[in-house]
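Protein sequences, first through last, are from chains F and B.
Per UniProt numbering, the very first residue in the first sequence carries number 1; after that it's consecutive.
Per UniProt numbering, the very first residue in the second sequence carries number 1; after that it's consecutive.
Honestly, the hints are just simulated from the structure, not real lab data.
Possibly wrong hints are sitting among the right ones.
[Stated by the list, open to error] Below, simulated EDC-like cross-link-like pairs (lysine to aspartate or glutamate); rule was C-alpha separation at most 20 Å, straight line:
(1) K64(F) x E84(F)
(2) K64(F) x E132(B)
(3) K65(B) x D97(B)
(4) K65(B) x E84(F)
(5) K87(B) x D137(B)
(6) K72(B) x E53(F)
(7) K133(B) x E107(B)
(8) K65(B) x E79(B)
(9) K133(B) x E115(B)
(10) K64(F) x D97(B)
(11) K133(B) x D116(B)
(12) K64(F) x D47(F)
Please read all numbers here as calculations on a predicted model, not as lab measurements.
Given next are the chains, with one letter for each unit.
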Amino acid sequence: MANAALRNVKVLPNSANMEEARHRVFQFFRTACRSLPSVMEIYNLYDVVSVSELRSSVSSQIRKNIHVTDPKVIDMLLFKGMEELKNVVDHSKQRHHIIGQYVVGQQVQDSATKDQGTSTFLKNFYNTNYF
Amino acid sequence: MASVSATSLSFQPSLKLSTRTSQGCYKTSSLEVVSVGWNRRTFPSLRSSRFCICAVKAQPETVQKVCNIVRKQLALPAESELTPDTKFSALGADSLDTVEIVMGLEEEFGITVEEDGSQNISTVQEAADLIEKLVQDKSGAS
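Turn these sequences into a full structure, and let the hints guide you.
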């Protein structure tokens with residue numbers, strides 16, 4: 001069901017203003033949440049995580065970019081998010097990828113974070129710790 | 001020998017035809033019975049749906065369930081004040097939190113909240129009322 005729905009998704013034109021971009025973010029979040037039961041079934045995640053925990057993980061991923069105010073950047077991020085969701089629903093990933101990114105991934109410092117408050121020293125420190 | 005085999009062949013198709021016609025009669029009669037049952041059932045469902053529409057006000061257990069989900073979603077302490085008139089924004093929830101609460105309510109009650117419905121939700125009472133209406137619509141449709 002989620003697979004068929006995502007198959008018809010097309011690339012939308014750029015958002016005209018900030019309000020439309022916000023609306024699209026909520027629409028994407030809603031689509032992702034409705035796909036979670038299928039994801040649980042595909043990857044057999046019932047013994048490691050629940051739907052509500054996955055939903056919190058998705059919302060925290062969206063919150064990482066809460067400071068973005070340019071509609072073009074938001075459209076680009078939504079495109080990447082939809083691509084990721086399509087990869088997950090089409091079973092283009094393995095089970096350990098899902099677990100590593102959305103179940104235990106919250107405990108690891110994300111190298112792609114766009115946090116503006118962290119100092120350069122801490123950024124380099126975190127990077128060297130994992131490379 | 002040839003004449004004996006011809007007579008035996010002639011008997012078999014007549015038997016098959018008779019059994020087919022009898023089976024057809026049974027099927028048509030059973031279909032009629034089913035249709036009669038459907039006709040009888042539709043009227044009570046219409047009446048019950050009318051009663052459900054009149055009672056759109058949310059029940060206390062639904063409001064309590066909604067409060068529990070909101071409390072869990074926003075990680076509120078148990079002693080915090082959560083009344084049906086409490087606004088989500090007053091609890092420190094932003095717009096994404098509100099959408100997440102609506103998705104949690106969808107999962108809990110097995111319903112699908114449309115976009116226009118979820119945009120109007122800002123208090124616990126409104127969420128409970130919408131859920132009650134959707135649950136009754138779903139049960140009425142089935």
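Cross-check of the supplied hints:
1. Distance hint between K64(F) and E84(F) is fulfilled; the C-alpha atoms sit about 16 Å from each other, no more than 20 Å.
2. The suggested pairing of K64(F) with E132(B) is violated, with an alpha-carbon distance near 34 Å, which exceeds 20 Å.
3. Between K65(B) and D97(B), the direct Cα distance comes to roughly 18 Å. Compliance with the 20 Å bound is thereby established for this hinted pair.
4. Using a Cα cut-off of 20 Å, the hinted pair K65(B) and E84(F) is violated, with the two alpha carbons roughly 33 Å apart.
5. With a CA separation close to 26 Å, the supplied pair K87(B) and D137(B) exceeds the 20 Å bound.
6. Taking the CA atoms of K72(B) and E53(F), the gap is about 11 Å. The hint holds against a cut of 20 Å.
7. About 16 Å separates the Cα atoms of K133(B) and E107(B), which keeps this hinted pair within 20 Å; it holds.
8. At roughly 16 Å between alpha-carbon atoms, K65(B) and E79(B) fall within 20 Å of each other, so this suggested pair holds.
9. Proximity of K133(B) to E115(B) is assessed by CA-CA distance (about 15 Å); at most 20 Å being required, the pair is judged to hold.
10. A hinted pair counts as satisfied when its Cα atoms are at most 20 Å apart, and K64(F) with D97(B) qualifies at roughly 14 Å.
11. Among the hinted pairs, K133(B) with D116(B) is consistent with the structure: their alpha-carbon atoms are about 14 Å apart, no more than 20 Å.
12. Of the supplied pair hints, the one linking K64(F) and D47(F) is violated, its CA atoms being roughly 27 Å apart against a limit of 20 Å.
Comparing the model with each numbered hint stated earlier shows that hints 2, 4, 5 and 12 do not hold.
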